[in-house]
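Could you slot chain F onto chain Z? The hints should help.
Protein chains in written order, with UniProt numbering: chain Z, 1 to 184; chain F, 1 to 184.
One should not assume that every hint holds.
Note that the list lumps identical chains together, so a pair holds whenever it fits in one copy or between two copies.
To be verified - Simulated crosslink set (EDC-like; lysine to aspartate or glutamate; CA at most 20 Å straight-line):
#1 Lys40 <-> Asp109
#2 Lys102 <-> Glu60
#3 Lys84 <-> Asp109
#4 Lys118 <-> Glu45
#5 Lys84 <-> Asp106
#6 Lys119 <-> Asp109
#7 Lys128 <-> Asp114
#8 Lys84 <-> Glu161
#9 Lys138 <-> Glu121
#10 Lys119 <-> Asp106
#11 Lys84 <-> Asp114
#12 Lys118 <-> Asp106
#13 Lys138 <-> Glu39
#14 Lys84 <-> Glu159
Simulated from the structure, these hints should not be mistaken for laboratory data.
Remember, predicted model here, so these are calculated numbers, not experimental data.
Protein chains: 2
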Amino acid sequence: MLYIVGVGVCKGHLTERAIELIRNADVIYGSRRALKLAEKYIRSEKRIMSYNDAEYKRIEEESKNKNVVVLSTGDPMVSGLGCKLNGLIEPGISSVQVALAKLGVDLCDVIVVDAHAKKPENLNELLKFRHLLILADKKFDIKIFGNRKVYLMENLCMENERIVFGKGSDLEIKSDYAIIFVRR
Amino acid sequence: MLYIVGVGVCKGHLTERAIELIRNADVIYGSRRALKLAEKYIRSEKRIMSYNDAEYKRIEEESKNKNVVVLSTGDPMVSGLGCKLNGLIEPGISSVQVALAKLGVDLCDVIVVDAHAKKPENLNELLKFRHLLILADKKFDIKIFGNRKVYLMENLCMENERIVFGKGSDLEIKSDYAIIFVRR
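If we strip away everything but chain Z, and leave its shape as in the complex, we get (with noise of 0.2 Å):
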């Protein structure tokens, strides 16, 4: 069986089924960072994965005959490994929820934009009707916000966490693990 496991963004995010499934696995996959996440409840193998077809490919195959799981930094259907393993998907604590918690503002008041390794569309258009909150990395233009004033939250429970708040212009994003949040 193939299980695919948010792990969550902060230490202490695991969920009690997820410590379930992670206590039971025969084998565990993950980067570097998931992997410290869960590393209090791992009793198997672990291996830092490859983020490629080919390694998806190899993995599924692995779980015919173990328990094979995969962490997901975050909550694997946030941006993460849960539309690209074919597997069962336990949910973690996203970053889009920490970030959400800082700024008290609702989901239901946002629309979540991918901008990792990707340029989006229809920003302006998004704008019309909800609050933006737009997961980046380095390479995001954050300047294209010019005179209009976001948040930038960055490497959010990580030792490093930064949050700046100032027009799009004048700030700079350092990390590829950045959130921006733009107001409608």
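Here is chain F on its own, set in the frame of chain Z:
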């Protein structure tokens, strides 16, 4: 101190952080369902709360000299208590996440709409951009989707969970915990 703590929607959704806050509370408020989900870890007095401004104000007052935990089913920032009470938010797994995991759809490809006790606007316009995930109750008119096929998910993780797929005109919402997924 006042903590608004998400307890998730399924058994076993509590995070380690949520469990810690619940264990250390002097008093715990919540709906019957939320208190049930957290039951195992409650050591203090528990109180079923009312959902009105006077109650929120009273709880905020009480938290000035006590550790007060208010439980929120799902996540406090998903059509939740997070915007109504002034306290520290601890995220939990929301029904939105459970629904997306079942559907195999990423949060960044949908717009989440709150149609609980209100008529949502712009549904047709929003559908031009993304799939919709609508949090609805019995009063929501699912027939507006006519011939369009939608998923109707009710009572996720409860005893009477029901998931159906069909034309909007053929479906009927029987629960106040309903989620409708409409493909773009």
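Worksheet item: Looking back at the numbered hints, which does the structure fail to meet, lowest number first?
Response: 1, 4, 8, 13, 14
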